[in-house]
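Here the protein sequences line up with chains A and B, keeping their order. The first sequence maps to residues 1 to 129 in this note's numbering. The second sequence maps to residues 1 to 595 in this note's numbering.
What the hints contain is simulated information worked out from the structure, not anything from laboratory work. These numbers were taken from a predicted model, which means no experiment stands behind them. Careful: at least some of the hints might be erroneous.
Cβ-Cβ distance ranges computed for the label pairs, FRET-style [unchecked claim]:
1. A/96 x B/77: 22 to 32 Å
2. A/99 x B/90: 30 to 40 Å
3. A/12 x B/462: 54 to 64 Å
4. B/183 x A/61: 40 to 50 Å
Residues of chain B placed beyond 10 Å of chain A at every Cβ, according to the derived structure [claimed, not checked]:
5. 38
6. 73
7. 114
8. 170
9. 310
10. 573
11. 590
Note that beta-carbon positions come from the ideal geometry of N, C-alpha and C, so glycine has one too.
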Amino acid sequence: MAMAKLTIEDLKRIKEEVRSTTVLREGGFRARINIHMGTCGIAAGARKLMSVVLKEIEEKKINDVMVTTSGCAGLCSREPMATVETLGKSPVKYCDLNEEKMKEIFIHHVMNGEIVEAYALARGSETTY
Amino acid sequence: MKTYRTHLMVCAGTGCVSCGSLNLKDRLESELKDRGLSDEVKVVITGCNGFCAEGPIMVVYPEGIFYKKLTQEDIPFLVEEHFLKGRPVEKFLYTEPTIKEKVPLLKDIPFFQHQVLRALRNRGLIDAENIDEYIARDGYAALSKVLFSMTPEEIIQEVKISGLRGRGGAGFPTGLKWEEGRRYDSFPKYVICNGDEGDPGAFMDRSVLEADPHSVLEGMTICGYALDAHQGYIYVRAEYPLAIHRLNIAIDRSRNYGLLGKNILGSGFDFDISIYPGAGAFVCGESTALMYSLEGKRGMPRIKPPRSTEAGLWGQPTVLNNVETFANVPPILLKGGQWFASLGTGGSKGTKVFALTGMVNNVGLIEVPMGTTLRTIVYDIGGGISEKREFKAVQIGGPSGACLPIPLLNIEVDFDSLDEAGAMMGSGGLVVMDDSTCMVDTARFFTDFSVDESCGKCVPCRVGMKVMLNILNRIVEGKGEMEDIERLERLGHHIKESSHCGLGKTAPNPVLSTIRYFREEYEAHIQEKRCPALVCVDLVQFRVDSEKCKMCGLCKKACPTEAITWEKKTPAAINLGKCIRCRSCIQACKFNAIE
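In isolation and in its complexed conformation, chain A is listed as follows:
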């Protein structure tokens, strides 16, 4: 008998690997990180925050965190900014961020639900889709 090319275990492994890709299209997110990407945000280094967040998600194999971008929130002097919202909790806006701070926020707020008050500006967020 010919050797099976793929076993049931292989099938499950492929499913787990690709799952994060398809979950992103199905909704059902536990948390959302919104990076402010207006001209001011980009100039202040928002792209670096984005890279940090995506790297964390990739390394930790997370598939229930949504990453979005939004325009200028009107507080250009405090950029780069990001808003973190976990399911059922009000959003928290962080300001004057850098890569290290973003990573801290990711670990504490996104992963463990603990707001990092030292970097927080306020609760609430502007409306995005």
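Following the hints, position chain B against chain A.
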């Protein structure tokens, strides 16, 4: 796996491709590269999204934002605004016509809200050419379940519990067919997927094959295991090049993974699938004709019994199911027959995919639970018809089907209710007609189609349909007699009763149903020599209503034969000698002054 924050799902069903969606993809990728976003934003090509009227379509995840009617020129602005700066671009969003407001998210658009996706469960959510994405959404999980934990009898039992009936039109219980196919001890046995979708206005099977080919391959393989068959064939229209292309890719990937071929998943079960492009004869959608065609013979139906399950392809036991039927199989085995049967009506379980076309606002591909009313389909999902016109009928079931009038809008669509109404589920073509459609002409169109497509084997269909067509031609030319209506009815019933195959048995339906529901239109054509919808060229004499005419001259500009005389401050007039009844003036007139 590389992580992207945003996925752009570009629809590449046949409809959107013909509107240029593949160019959009190229432009998006180059623009994203220029902006340094290639590592963050991924462009994915999907099968038909369903909302064909708004194509080319792109859906942005994770937010689920729905963009419509995009052009290449829109892309640079869109990429900068939305994917760089995070501001969704309002002008590309969908506007809901009833409330005249923008609806940004796909899930909030009424067209999608009333749908339940089972056969189309992966539409717009996966790359049809990427087997891994199919696997990620439970693809091939049903196959591995049945191969390692179910006996063929248990599979058949589960399909019987589900109540699944053939989605190709006739509605034969699938579980029963499989049981028959298993019972005969003659080998080899065959599994055939019928993708010879020929009804005018129908594109359900094409869309399933383009959007989710693996669902069909998986369903066929499960069927093969249940029958102890080792070879499957997909008979698909040669006019569906994209579907064939994606099927070829899917079969290739499945073989590479060992999900087709020898010793599938190490279970010891062998099964393979080949594609056979049909040459375009409508009658080859009939199962026995299809099998002859597969054998390389002329596609003509034969007398049953024996049924194909006993002696089908090359005289061997064969189970033939439709594309949509097979696509429904994997979730039934994964989630159980009860789950499937929880939706639908007494005799028709699950959902049905329809191709919604014609004079309806939201042309597209839809899937709704069995028992959904025609009204919901036409108005809530279809968005109704243009404000200037009035709804008249729904044509369902193609050349085998019927035209159903306003009073039947409340009919709960399933196999049995349609049968009672003199219609037929057919494969699921649903053409909406308004008051500019002449029902006699519509009946004539479908009769003409059936005459063309009759294989000629039996007299009732070959000769009878031709006689019906001649009578209809007489009527639309203004030479009809009142006795013609009765002649049509009598002949129609004879053809239904005495024809050989499904084509002939249903071919008179368009005529019989229009006589049943729109008899007054036949009478107007015959007695008054008048076509109420102003369609039948020989019965129409256009004239300008001088009271309604605002003397604007638009009709004169539109007339290709200079049949209209008009000067400023005088109503237009039509020279009937020159008029070719092309209706250009009617379309041009903003005041309904031409009748």
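Hints and how they fare:
Range check, residue 96 of chain A to residue 77 of chain B: Cβ separation about 31 Å, and the 22 to 32 Å hint holds. About 33 Å separates the C-beta atoms of residue 99 of chain A and residue 90 of chain B, a value consistent with the hinted range of 30 to 40 Å. Between residue 12 of chain A and residue 462 of chain B the beta carbon distance is about 56 Å. The supplied range of 54 to 64 Å therefore holds. A C-beta distance of roughly 49 Å is found between residue 183 of chain B and residue 61 of chain A, which places it inside the suggested range of 40 to 50 Å.
For residue 38 of chain B, the condition that its CB be more than 10 Å from all CB atoms of chain A holds, with the nearest at approximately 13 Å. With a minimum CB-CB distance of about 22 Å to chain A, residue 73 of chain B clears the 10 Å threshold, and the non-interface call stands. Interface exclusion of residue 114 of chain B from chain A stands, the closest Cβ pair being 18 Å apart, more than 10 Å. Every beta carbon of chain A lies more than 10 Å from that of residue 170 of chain B, the smallest distance being close to 35 Å; the non-interface claim holds.
With a cut of 10 Å on Cβ distances, residue 310 of chain B stays outside the contact zone with chain A, its closest approach being about 31 Å. For residue 573 of chain B, the requirement that its beta carbon stay farther than 10 Å from each beta carbon of chain A is met, with the minimum near 55 Å. With a closest Cβ-Cβ approach of about 38 Å to chain A, residue 590 of chain B is found to remain outside the 10 Å limit, as its non-interface label requires.
In this structure, none of the earlier numbered hints is contradicted; all agree with it.
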